[in-house]
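Line order of the protein sequences matches chains A and B. Quick note: the first sequence uses our numbering, first residue 455, plus one each step. Quick note: the second sequence uses our numbering, first residue 455, plus one each step.
In short, the hints are calculated from the structure, not lab data. Just so it is clear, CB atoms sit at the ideal spot from N, CA and C, and this is done for glycine as well. Each hint should be verified, as a subset may be incorrect.
Calculated cross-link-like contacts (lysine-lysine; reagent style DSSO-like; alpha-carbon spacing at most 30 Å) [as the list claims (entries may be wrong)]: (1) Lys734/A x Lys662/B; (2) Lys662/B x Lys584/A; (3) Lys581/B x Lys666/A; (4) Lys839/A x Lys586/A; (5) Lys662/B x Lys581/A; (6) Lys581/A x Lys839/A; (7) Lys822/B x Lys734/A; (8) Lys581/A x Lys666/B; (9) Lys839/B x Lys734/A; (10) Lys822/A x Lys736/B; (11) Lys734/B x Lys822/A; (12) Lys586/B x Lys734/A; (13) Lys586/A x Lys822/B; (14) Lys736/A x Lys839/B; (15) Lys736/B x Lys736/A; (16) Lys586/B x Lys581/A; (17) Lys584/B x Lys666/A; (18) Lys581/B x Lys581/A.
So, partial list: chain B residues that the calculated Cβ filter (under 10 Å) puts toward chain A [to be verified]: (19) Leu499; (20) Ser556; (21) Glu569; (22) Arg596; (23) Ser599; (24) Ala718; (25) Arg763; (26) Phe852; (27) Ile855; (28) Ser859.
Protein chains: 2
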Amino acid sequence: MKQYASMTHAEQKAEYDRLLNEYRAFCDQHLSLDMSRGKPSNEQLELSMPMLDVLHGQHDMRAEGGVDIRNYGQLDGIPEVKRIFADLLEVEPDNIMVGGNSSLNMMFDCINWAEALGIMGCTPWAKLDKVKFLCPVPGYDRHFSICELFGIEMINIPMKEDGPDMDLVREYVENDDSVKGIWCVPKYSNPTGITYSDDVVRAFAALKPAAKDFRIFWDNAYCVHHLSDTPDQLLNIFTACKEQGSEDLVYEFTSSSKISFSGAGIAVVAASKANMADLKSKRTIQTIGPNKVVQLMHARYFHTADGIREHMKKHRALIEPKFNVVLDAFDKELSELGIASYTRPNGGYFISFDTMPGCASRVGELCKQAGVVLTTVGATFPYGKDPEDKNIRVAPTFPSIEELSQAVTLFCLCVKMASLEKLMNA
Amino acid sequence: MKQYASMTHAEQKAEYDRLLNEYRAFCDQHLSLDMSRGKPSNEQLELSMPMLDVLHGQHDMRAEGGVDIRNYGQLDGIPEVKRIFADLLEVEPDNIMVGGNSSLNMMFDCINWAEALGIMGCTPWAKLDKVKFLCPVPGYDRHFSICELFGIEMINIPMKEDGPDMDLVREYVENDDSVKGIWCVPKYSNPTGITYSDDVVRAFAALKPAAKDFRIFWDNAYCVHHLSDTPDQLLNIFTACKEQGSEDLVYEFTSSSKISFSGAGIAVVAASKANMADLKSKRTIQTIGPNKVVQLMHARYFHTADGIREHMKKHRALIEPKFNVVLDAFDKELSELGIASYTRPNGGYFISFDTMPGCASRVGELCKQAGVVLTTVGATFPYGKDPEDKNIRVAPTFPSIEELSQAVTLFCLCVKMASLEKLMNA
Chain A
455 MKQYASMTHA EQKAEYDRLL NEYRAFCDQH LSLDMSRGKP SNEQLELSMP
505 MLDVLHGQHD MRAEGGVDIR NYGQLDGIPE VKRIFADLLE VEPDNIMVGG
555 NSSLNMMFDC INWAEALGIM GCTPWAKLDK VKFLCPVPGY DRHFSICELF
605 GIEMINIPMK EDGPDMDLVR EYVENDDSVK GIWCVPKYSN PTGITYSDDV
655 VRAFAALKPA AKDFRIFWDN AYCVHHLSDT PDQLLNIFTA CKEQGSEDLV
705 YEFTSSSKIS FSGAGIAVVA ASKANMADLK SKRTIQTIGP NKVVQLMHAR
755 YFHTADGIRE HMKKHRALIE PKFNVVLDAF DKELSELGIA SYTRPNGGYF
805 ISFDTMPGCA SRVGELCKQA GVVLTTVGAT FPYGKDPEDK NIRVAPTFPS
855 IEELSQAVTL FCLCVKMASL EKLMNA
Chain B
455 MKQYASMTHA EQKAEYDRLL NEYRAFCDQH LSLDMSRGKP SNEQLELSMP
505 MLDVLHGQHD MRAEGGVDIR NYGQLDGIPE VKRIFADLLE VEPDNIMVGG
555 NSSLNMMFDC INWAEALGIM GCTPWAKLDK VKFLCPVPGY DRHFSICELF
605 GIEMINIPMK EDGPDMDLVR EYVENDDSVK GIWCVPKYSN PTGITYSDDV
655 VRAFAALKPA AKDFRIFWDN AYCVHHLSDT PDQLLNIFTA CKEQGSEDLV
705 YEFTSSSKIS FSGAGIAVVA ASKANMADLK SKRTIQTIGP NKVVQLMHAR
755 YFHTADGIRE HMKKHRALIE PKFNVVLDAF DKELSELGIA SYTRPNGGYF
805 ISFDTMPGCA SRVGELCKQA GVVLTTVGAT FPYGKDPEDK NIRVAPTFPS
855 IEELSQAVTL FCLCVKMASL EKLMNA
């Protein structure tokens, strides 16, 4: 197939008319598919159903250490759950605090506390004229929404092949004390799927921030969410920080939302001793303790970090074919046309898709008209504004293979149409 | 028995020496009892064990309306749980938002949001020079801790027989726009056990605050926690507010922490339409949704508000004898001595005990030396400072009857000793 840009106007027109007919046929099918969010499918949720039975008929409701998990207390979580997450994140259990079901909630709270109370005795951000966060783009819309709510100014940082542009990060962080944080999804990044290189992780650890209360929000959501026999390796940022004496730079987060149940998982924060003391000084006033029945269910079902790693193979078996359906379609339909690029991740929940500049919104529009809802185009950028209007986050996990095949066929069609419209009007 | 104050010094000395011998015998027993917190006992927790089995072997994981409770979403809770709590609090389900397991967490968040983001467009409290809360005393230490953390100045409001001194409340609220809130436990109050009269509730509803963002934190923790066949009746504050057009004044909270499991309950906030929209505008950024497996367990176990009311009778059967052990001992040992007064609640978790002024800390000290830990004396007042050093919160639910008998015998002994020490040194 000829690249679209090399076609004559007449060829483009003919191709477009052909596509338009196909598109109309799609519209006549009245599809109704939602590919907007990174949600696990029903089959994935079924994998953890035995977890709901694990306390059935049990009489021993005590966690390690003897605490009755049905009663108040155990602010930072039960020991067995702390150990599992400590193993997954390669930290000590003392550096783990277990929360409710949402790691987003824990990130939000860290920022809310920083705004209202300040980090380790620093001035509360709400009292400052200006607070800024660095946002590697494309990134996760829910991170950006938190900043937007608190009026935190967001600065786009381009993502490179191996992580954020660290020269730019360093420039901002080390010279501007109103820069208080950066959002990172360091492994199987949302949405690009890339994993930060060791050099990038070391560059983070080596930052000398102008602001004492600058924190790296290290959202390691996909730490065990592999889609490959040769999974990506992420250097442990706390190890890198130890070499620099900079362990207080990092708040790390993860959860079991995409391991057990998105609607009933366990979230944790990992942090240095000093950060943990600071976070606990707030948390201990906020609550008497998290839901520990859910914790015991997880502990007695998964037992260990290895138990979780084994379980994740079952998720992979369900997810990988879906990624392949999408990627195969992209390869077949789009790879030779010179109108798109896309990532081929080793893990995580997303494929990041770039159209020609200025085409992404139109693709979203065309898909929606034909009954397929994508992640809102632009959402992968702060303020919902993709400056080049080209990035689309593709979330293949929730639909069935059949639905996905339909949706991706339509998607490719819409990409072609939007590209031709652009080229013909250029 | 003669009142202690009417005794001669010699009689007091003789009585004290006798008590001291008894006290020494107690110390030799090396007791180790914790009466510090309002925790349910093991037997109470056992009552809800079938709730853990209710999803066993179930395949229908959809809540009313069709949402899969294992997946993301349903920010404000599943319909069946909203309906149960709406019934309990006598509001509409639309006025209910379900959170995690801790109503304290929801109160904290409301204040944290007000501090960092502001209520309904008002200036965030963190930007103001001074923020004050009214604190009916004695009250709940964890409410006060939140204010202390945020640097909110607390003003003591004396509790009367039927609720806070409303003349004083009105004086502050209507004339000082730095007064932003008041803590209330309107039913079976912590620790006094009293329930606000209809007049008091109406006086709250009729407040015309100087501050637009003044809110009543209506912690209805013990709404169904009766200890009597003639339970107290609390006027619905939203009904009273409707008459005044003041529904935006109130955030109401409750939870199932002392209905099902303290370590795995469900918390809710109830609020007016405008408040709910404001709270949700924050909550929707904070999380994708609460733990809904726990919600479905509650819904399928309790079914309705009446299901909860029936269940609470079982709690009463376990708790009431414990309150009686304490009250009987107080009646027998102390009522004639003119050295103490105490409440006789129709519900809730506490008995509020007043020593002679200046004696409470000494009672706490003596009890602790003999191995019985009480709620930290002073904790029922802001900043842990009881100006008269007389109030002690007695929490009878957690210990066994046998332990409680020992503890209360010791307690009475310590009250007598501390009183005599005071009288002899006067």
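Q. When you check the alpha-carbon spacing of lysine 581/A and lysine 839/A, does it fall within 30 Å?
A. Distance ~28 Å between lysine 581/A and lysine 839/A Cα, so the pair holds.
Q: Take a quick look at whether lysine 586/B and lysine 734/A sit within 30 Å of each other, Cα to Cα.
A: Holds: lysine 586/B and lysine 734/A sit about 25 Å apart, inside 30 Å.
Q. Does the alpha-carbon distance linking lysine 839/B and lysine 734/A stay inside the 30 Å limit?
A. holds (24 Å)
Q | Given hint lysine 581/A paired with lysine 586/B - CA-CA distance at most 30 Å | A | Between lysine 586/B and lysine 581/A the Cα gap is close to 18 Å, so the pair holds against 30 Å.
Q) Is the shortest C-beta separation between alanine 718/B and chain A less than 10 Å? A) holds (4 Å)
Q: Answer holds if the nearest beta-carbon of chain A is closer than 10 Å to that of arginine 596/B; otherwise answer violated.
A: Constraint on arginine 596/B satisfied, holds at 8 Å.
Q. Hint check: is the beta carbon of serine 599/B less than 10 Å from a beta carbon of chain A?
A. Since chain A brings a Cβ to about 5 Å from serine 599/B, closer than 10 Å, the hint holds.
Q. Are the Cα positions of lysine 736/B and lysine 736/A separated by 30 Å at most?
A. holds (19 Å)
Q | Residue hint isoleucine 855/B, partner chain A, criterion CB-CB below 10 Å | A | violated (19 Å)
Q: Starting from lysine 581/A, check that the Cα of lysine 666/B is at most 30 Å away, please.
A: With a Cα-Cα distance of about 21 Å, the restraint between lysine 581/A and lysine 666/B holds, given a limit of 30 Å.
Q. Are lysine 584/B and lysine 666/A close enough, with their CA atoms no more than 30 Å apart?
A. holds (26 Å)
Q: Would you mind confirming whether the straight-line C-alpha gap from lysine 822/A to lysine 736/B stays at or under 30 Å?
A: Holds, because 28 Å separates the two Cα atoms, which is no more than 30 Å.
This entry does not satisfy hints 1, 2, 13, 25, 27, 28, going by the numbered hints stated previously.
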